[in-house]
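First to last, the protein sequences are chains A and B.
The opening position of the first sequence corresponds to residue 5 in our numbering, with each subsequent residue numbered one higher.
The opening position of the second sequence corresponds to residue 691 in our numbering, with each subsequent residue numbered one higher.
Quick caveat, the hints were computed from the structure, so don't treat them as lab data.
All C-beta atoms, glycine included, are put in the ideal place defined by N, C-alpha and C.
Where hints are given, some of them may not hold.
[What the hints assert, rightly or not] Far from chain B, some chain A residues (derived; all Cβ distances over 12 Å): (1) M14; (2) S29; (3) G54; (4) E70; (5) R72; (6) P80; (7) R85; (8) K103; (9) L104.
[As the list claims (entries may be wrong)] Partner residues are not named here, just some residues of chain A that face chain B (Cβ under 10 Å, in silico): (10) S13; (11) C16; (12) G19; (13) Y50; (14) N57; (15) S74; (16) T83; (17) T87; (18) V89.
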Amino acid sequence: DAKTTQPPSMDCAEGRAANLPCNHSTISGNEYVYWYRQIHSQGPQYIIHGLKNNETNEMASLIITEDRKSSTLILPHATLRDTAVYYCIASWPTGTASKLTFGTGTRLQVTL
Amino acid sequence: GAVVSQHPSWVICKSGTSVKIECRSLDFQATTMFWYRQFPKQSLMLMATSNEGSKATYEQGVEKDKFLINHASLTLSTLTVTSAHPEDSSFYICSAIAGPYNEQFFGPGTRLTVL
Numbered sequence: 005d006a007k008t009t010q011p012p013s014m015d016c017a018e019g020r021a022a023n024l025p026c027n028h029s030t031i032s033g034n035e036y037v038y039w040y041r042q043i044h045s046q047g048p049q050y051i052i053h054g055l056k057n058n059e060t061n062e063m064a065s066l067i068i069t070e071d072r073k074s075s076t077l078i079l080p081h082a083t084l085r086d087t088a089v090y091y092c093i094a095s096w097p098t099g100t101a102s103k104l105t106f107g108t109g110t111r112l113q114v115t116l
Numbered sequence: 691g692a693v694v695s696q697h698p699s700w701v702i703c704k705s706g707t708s709v710k711i712e713c714r715s716l717d718f719q720a721t722t723m724f725w726y727r728q729f730p731k732q733s734l735m736l737m738a739t740s741n742e743g744s745k746a747t748y749e750q751g752v753e754k755d756k757f758l759i760n761h762a763s764l765t766l767s768t769l770t771v772t773s774a775h776p777e778d779s780s781f782y783i784c785s786a787i788a789g790p791y792n793e794q795f796f797g798p799g800t801r802l803t804v805l
């Protein structure tokens with residue numbers, strides 16, 4: 005898996021958009037960008053993934069730069085329940101090769 | 691999304707005993723499951739890849755004789771921590787692959803405390 009770099013922590017006011025950046029400058033052509041989050045003392049939760057096009061689902065939007073060297077996860081209206089550690093992971097989506105290497109992630113604190 | 695369960699959610703045991711943790715995919719079949727370990731204030735570390743019907747693949751530094759993995763069916767993988775010691779106390783999390791892009795869905799985790 006390509007190495008990813010994320011800021012260790014971020015704050016966001018409730019109701020505002022949370023924009024979480026991730027750098028993956030060594031990503032290879034067939035590696036996808038996956039985002040997961042882990043709320044304290046729980047298992048990680050899948051959020052979204054993408055290859056090169058921007059993606060949106062009911063939880064978030066993923067913006068991937070044209071050169072694929074970085075991406076941004078956007079939570080459009082952050083709530084207190086979005087407080088968690090967010091992990092950006094570059095990985096191959098094929099069977100056993102799709103094992104994930106978790107970095108240190110970004111600890112997002114949503115405040116009133 | 692796909693649902694993965696773990697049992698038990700927490701366990702306390704004496705040093706030297708063995709503990710079995712179950713990981714089940716509830717609404718899908720999982721040929722491949724993964725086992726992770728997470729120490730306090732640290733990130734998840736992959737321990738092994740569990741393949742239905744075949745031997746597990748362990749990550750470097752993980753003792754296969756200490757962490758026994760069995761994936762006997764398409765919905766169940768088990769991790770047995772043998773002769774547990776206090777340094778094995780950790781949060782153990784499993785995941786299973788599902789969906790068209792092999793997204794991983796995680797269980798809620800099992801907190802193991804060895805006294």
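Are any of the numbered hints broken by this structure? If so, which, sorted upward? 3, 8, 9, 10, 11, 12, 14, 15, 16, 17
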